[in-house]
Each structure stands twice: as C-alpha cells, then as structure tokens.
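Student: Chain by chain, the residues run as shown.
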Amino acid sequence: MAEEKKKSAWGYVGVWAVLAVLTVLTWVLGTKLKLGPMGLPVALLIAVAKTVLVAMFFMHLVEQPGARRVVFPVSVLFLALLMGGTLIDAMTRIRMARPDGIEDELEPKRPASTRTEPPGSPNRWMGN
Amino acid sequence: MNPSAESSQPAITYLNHETSVMSWLLTRDHKRIGVMFLVGVIFSLLLGGIFAMVLRLELLTPGPTLISPMTYNRMFTLHGVIMVWLFMIPAIPSAFGNFVLPIMLGAKDVAFPRLNLASFYIYLAGALLTVFGMLWSGADTGWTFYTPYSTVSPSALTPILLGVFIIGFSTIITGLNFITTVHTMRAPGMHWTRIPLFVWAIYGTSVIQVVATPVLGMVLLLVSMERLLGAGIFDPSRGGDPVLFQHMFWFYSHPAVYIMVLPAMGVITEVVCAFSRKNIFGYRMIAASTFGIAFVGFFSWGHHMFVSGQSTFTSGIFGVLSMLVAIFTAIKIFNWVATMYGGSIDLRVPLLYVLGFIFLLMFGGMTGVAVATTSLDVHWHDTYFVVAHFHYIMVGAVLMAFLAALHYWWPKMFGRVYPERWSFLAAMTIIFGFIVTFLPQFLLGNLGMPRRYYQYPQEMQWLHVLSTAGASLLAFGFGLIAVYLLWSLRYGPVSAPNPWGSRGYEWFSGSPPAPHNFTRAPSFEREVHDYTVPEAPRVY
Chain D
1 MAEEKKKSAW GYVGVWAVLA VLTVLTWVLG TKLKLGPMGL PVALLIAVAK
51 TVLVAMFFMH LVEQPGARRV VFPVSVLFLA LLMGGTLIDA MTRIRMARPD
101 GIEDELEPKR PASTRTEPPG SPNRWMGN
Chain F
1001 MNPSAESSQP AITYLNHETS VMSWLLTRDH KRIGVMFLVG VIFSLLLGGI
1051 FAMVLRLELL TPGPTLISPM TYNRMFTLHG VIMVWLFMIP AIPSAFGNFV
1101 LPIMLGAKDV AFPRLNLASF YIYLAGALLT VFGMLWSGAD TGWTFYTPYS
1151 TVSPSALTPI LLGVFIIGFS TIITGLNFIT TVHTMRAPGM HWTRIPLFVW
1201 AIYGTSVIQV VATPVLGMVL LLVSMERLLG AGIFDPSRGG DPVLFQHMFW
1251 FYSHPAVYIM VLPAMGVITE VVCAFSRKNI FGYRMIAAST FGIAFVGFFS
1301 WGHHMFVSGQ STFTSGIFGV LSMLVAIFTA IKIFNWVATM YGGSIDLRVP
1351 LLYVLGFIFL LMFGGMTGVA VATTSLDVHW HDTYFVVAHF HYIMVGAVLM
1401 AFLAALHYWW PKMFGRVYPE RWSFLAAMTI IFGFIVTFLP QFLLGNLGMP
1451 RRYYQYPQEM QWLHVLSTAG ASLLAFGFGL IAVYLLWSLR YGPVSAPNPW
1501 GSRGYEWFSG SPPAPHNFTR APSFEREVHD YTVPEAPRVY
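Quick mapping for you: the protein sequence lines, in order, are chains D and F.
Sequential numbering of the first sequence, starting at 1, is according to the working numbering.
Sequential numbering of the second sequence, starting at 1001, is according to the working numbering.
Be aware that a few hints might be false.
Partner residues aside, some chain D positions facing chain F, computed with beta carbon under 8 Å [as the list claims (entries may be wrong)]:
(1) 67
(2) 74
(3) 75
(4) 88
Rough simulated footprint, nothing fancy, chain D against chain F, three-plus residues with beta-carbon under 8 Å [said to hold, decoys possible]:
(5) 1244-1252
(6) 1289-1302
Looking from chain F toward chain D, a few residues come up when the C-beta cut is under 10 Å (computed) [stated by the list, open to error]:
(7) 1009
(8) 1179
(9) 1183
(10) 1207
(11) 1211
(12) 1215
(13) 1312
(14) 1313
(15) 1314
(16) 1532
Derived by calculation from the structure, the hints in this document are not laboratory data.
Cβ coordinates follow ideal geometry from the N, Cα and C atoms, glycine included.
Build out the structure end to end from the sequences listed, making use of the hints.
Tutor: Here you go:
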C-alpha cells in the first residue's frame, strides 16, 4: 500500500485566516457600514464564499478527481440562480399605493428597517 | 463467428431464474425493479385516468352533473397530484430507464443495486402516504399547492405534501444512480460518443432531478410547517411572502416538465432510428440540445408567475428566457424529421406513437411560445388554454413516448409479441382521442373559461361535450391496450431476440435478457443504430 503523502498544515491555516477575515468583514458591513438593500445579498455572498472554502479545502473536494469536483460548484451555481431570480423579483416589484400612515396601523410591531421602501425612495432600485 | 449461435436466446432469463414472490420483492436486478416501477406507474395512470374521466363527465353539463363542487375540487387535485408525481415523473426514467439503461451501456446492473431497490420502496411509501391522504379527506388546492390557500385548507393536505416529499427522495436516488452508472459502468468500447441518445436523455434528466428536487422537498416541508406550526414564511401578516412559495415551487416544477419530457425525447430518438433504419441525424446536436433544454429550463420558472404579483421587470426576463427552450426543442424535431427523411420507414405501432408525439410537441410547443409572451399570457392565464397547452406538451408527449416505449420494448421485457392490428387500432384511437379531448380546450380557454371551475355558461357546452367525447375515446384506447398486453403476457407468440431488426445496443441481450443481462462480455465495435454495415442478430 502506498504511503499517504504527508501534507503541510499551512494551507489550512491560510484558508482559516481567510474565513476569519470574511467573518470580520460580515460584522463590519453589518454594523459599521450601512449598505441598505445591498446588505442582505452581500452578507449571503460572503456566507456562500465561506461555505465554498470549507467544502473545497476542509472537506477535501478540491483533491477529488473528475466529475466529483464539479458537483459542489454546480450546486452553488443553482442555489445562486434560485436566490438571484427571487431577489431580483422582490427588489423590482411595484409597490401598491397605500395611504400615509397605514404601515404603522397594519404592521405596528414590525421594525421599520424590515419594511419595503416606499415608491420614490432612493434605496429602491427599480419599479417605482 | 456463427450468427445463428449468436442469436440464440438465453434459456434462463431474469423472469424465470427465480419465481418466488420474495425473489421479486427483494430483488436487486435493475430489470425486475424496472418492471415493478412499470406496474406502479401504470396503476397510477389508471387511478389518475379514472379521476380525469369523472371530471370530464361532471363537465358534460353547465350545472351540477355527477358530483358536488367540493368533490370536484378534490378530484382535479388528485388527478393532478397522481398524474404528475406518481406517473409522469417516474414513468420513463424509473421504469424504462431502469430496464434498458444498464443493458445499453453493456453493464450487468446499475452502480448501486440496493439503492435502486430502496428507490422503489421509497416511491411506494410516498405513493401510499399520498393515497392515504386522498382517502382520508382528499385535498382541494390543485396539484400546485399554492399558498396562502394551501396553508389554511381544511382538507388533509399534510400527508399528501409529505407523500410527495418522500417521492422526491426516490427521484433523487434514481438520478444519482443513473449518473454514477453512466460514468462508471460502461463496457469497453462504449465511448462517450457511442452512448445511445436515450441514455444521454436519462443522464440530462438525472442532473435536473438531483439539482432541482431538493428545492421541491424544501418548499413542501415549509408548507407543512406553515400548516402544523404556523411558521409564517408565506404569511404576509407575519412578514412572509406567498409569492416566495411560487418561486421555490416553480424552480423545481418547471424543470420537472423536462424531467418528464427529456426521457420521452430519448425514447423517440431510439424509436425513430429503429423504424427508419437510419442512424440519428445530428447525434452531437441532439445530445447537446438535451443539456441545452436542461440548462435553460432552470432560467424560465418565472413564466408561471406573470400574474402572481411578480415584478414586470422579472416577468420580461423570464418571458424571453422561456422562448430559448423552443430553439433546443426545434433542433430535436428537425433532427428526428431529417432522420426519417430518406429512411426505410417501417410504420409499426411504436413509430405511430412517435408521429403523434411530434405533432403534439409541435402544437404544444408553439402555444408554449405564445403563453411565454407576457401580454398574451395575462389573457390566457388560469384558463383552459393553459390546461390544453400543458396537456399537449407535457401529458401528450409523455403518454405518446411512454406508449411508444411500452410497445417497442415489450418483446425485450417479456419475450412476447402483441397483436399488431389491435395495437394499431388502439394507437389511432388514443392519438385521435387526445386531439379531440384537448383541442376544444384551447378554444374554451380563449373564450375565457377558467380552469378548475365547476360550472360554466351554456354556450360553452358543445366544446365541453366534444372534450368529454375525446376523453371517452382515450379511455377506450387504454382499455384496449390493457386487454391485448395482458393477453400477450400469457398467450402472445414468443418473440424473436430482435423482432424489429433494431440496431440499438439493448438488443444485444436476450429478449427477455439473462439475469445479469449478458452471458459473455458484449462488444461495441460499431456506432449505435448503424444500419450501413451488414450484421446478423446477435445476443451476448
């Protein structure tokens, strides 16, 4: 039986460092820099990048031959497609006209930050 | 080599080497599992067909005819659930794919035989749970389980949702098994460019099954949680979004159309070659278009949601992307017709179904381009026009291909032939009956008849009567098929090893095949369906 080649741990340390930086980045973007409607997509993007790193290096997918290496990136691609298509719809919907003050009446307990921006708001991308 | 010796049938076949009930129930033979799936999907077709017939009889008159409005709601839901989840999705991949795919590749079995058997029992468990839900109190949401109604419906929807969720695992396992089999079990000489196009079609389907089905499982589980725990994910009053359900549901269910249609296209390719005595025109383009459809199919789910409240911007994108599917489908249709052109056509029953398939796919496909146009779809949405469209493209295509496969591979599976004249009559009845059933529904939809309505205006009655008459023809045709195939199983003349003179690789095994498909290693030294080289029938 061939002896397994001993590998250096420094590669894993490097990946761990990148993961740590991405975690700090998520915290900074979420608390210090207000990204508005871009906050959620950016946070998800960082989370996906971290997942890819964990799966490729710590779960050794990067060392697999042939088709097995393709499985994970394809899964990520399709997840991105599902979320991307849905988020594009959510961000470009035309908001139905509502009388002033109805939001508080309808949804008194829901934080204002989680509500859809009203038409004409600079934070809305399209569909106003 | 002596051709007569090569063409001899194996004395011991997968049917007679073990005959006890347990040998079937615990079998790991892909052929027996394929036959068990075949029985399961035919039973589902019968059940779904009975519900359809009751619906059509109810709609004979504008007012109440046979059943109450609530029973009617349950009937169309059960018809849809059974036909989509229990028949059309597993029909060709799980039944015929299981039976012929390993033989076509020159393999003894699939890569994971135990998992293959598990897949059948998971399908059975899901089907039983679904049927239990139906017997308990049925469901009245339609097969699409749209929120918010599905979260509050008083009917016994939860077991049906969980049943479909379980069936999804069977689909995923079968897909994984086929992908692995194609990658690892090909016999020497079976290069990637020699793989039969039916196998390519099943491979493309398997990719969709593996990638998309988990999303369906997730959304069905979420609806169950909504019903049982009040999770609020789809409830606007709690910050949820009912349109989110449609996004997740159609992300699976639109590609699911291709889970149904791609294997059907694979069958059509095999049958066209066999009965035109020609190799396929444009092998690489057909294989590539299979993956084109599989890929583009994932970018078009939003065309089901043009009136759901989805943004106009997104609807525009999905409308344009949906039309791309027509390009890849057209490639296949042109190639099938080009294969037949100049071929030595032998108009047998399987080819008759192929001609029916091409007509229905063309008609359904063209109306598909029409409903992908946002402005037109707003007029036709939720009318009988859409019902007719998806029955033409999805049901018509799957049924025609299923029947073509059943008649083409019947001698291969059971070693018997069926009466040609009766099968010809049944095929003509079914193709004609299908057109008569659904063509009036295009007209009804255009007149504004909404789908799933119990009553309708008097002036629409003649079209409904015509549709019911067509459905009766369909029922007669299926009854005829059941009678002569059951007769053939016991009394039909014994088949030659290759009764069609086909050059498909699956005919290299006996009819019916030996327990491990081949008694010696098969040799693939020519292209599949190459009719240009002289060759005596041979069985390995």
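Student: For every hint, state whether the structure bears it out.
Tutor: Verification of the supplied hints:
Here the hint on residue 67 of chain D is kept, as its CB sits about 6 Å from the closest CB of chain F, short of 8 Å. Among the interface hints, the one on residue 74 of chain D holds; its C-beta lies about 7 Å from the nearest C-beta in chain F, closer than the 8 Å criterion. A distance limit of 8 Å between C-beta atoms decides the matter here; for residue 75 of chain D the minimum to chain F is near 7 Å, and the interface restraint holds. Here the hint on residue 88 of chain D is kept, as its CB sits about 5 Å from the closest CB of chain F, short of 8 Å.
Coverage of a stretch by a chain is defined here by at least three residues with a beta carbon nearer than 8 Å to that chain's beta carbons; for the region 1244-1252 of chain F and chain D the count is 4, and the condition holds. Using a Cβ-Cβ cut-off of 8 Å, 4 residues of the region 1289-1302 of chain F lie near chain D, which meets the minimum of three, so the contact claim holds. Checking residue 1009 of chain F against chain D by beta carbon gives a least distance of about 37 Å; that is not within 10 Å, so the hint is violated. This hint holds: residue 1179 of chain F has a C-beta 8 Å from the nearest C-beta of chain D, less than the 10 Å allowed.
Of the supplied interface hints, the one on residue 1183 of chain F holds, with its beta-carbon coming within about 6 Å of a beta-carbon of chain D, less than 10 Å. Given hint, residue 1207 of chain F at the interface with chain D, holds; its Cβ is 8 Å from that chain's nearest Cβ, closer than 10 Å. The criterion of a C-beta within 10 Å of any C-beta in chain D is met by residue 1211 of chain F, whose closest approach is roughly 5 Å, and the hint holds. Taken as an interface hint, residue 1215 of chain F checks out: its beta carbon lies about 6 Å from the nearest beta carbon of chain D, inside 10 Å.
Proximity of residue 1312 of chain F to chain D holds as hinted, the smallest CB-CB distance being about 7 Å (cut-off 10 Å). At a threshold of 10 Å, the smallest CB-CB gap from residue 1313 of chain F to chain D is about 4 Å, leaving the interface hint in force. For residue 1314 of chain F, the suggested interface contact is upheld, since its CB lies about 4 Å from the closest CB of chain D, less than 10 Å. Interface hint at residue 1532 of chain F: violated, since its Cβ lies 33 Å from the closest Cβ of chain D, which is beyond the 10 Å cut-off.
Of the hints listed earlier, those the structure fails to meet are numbers 7, 16, in rising order.
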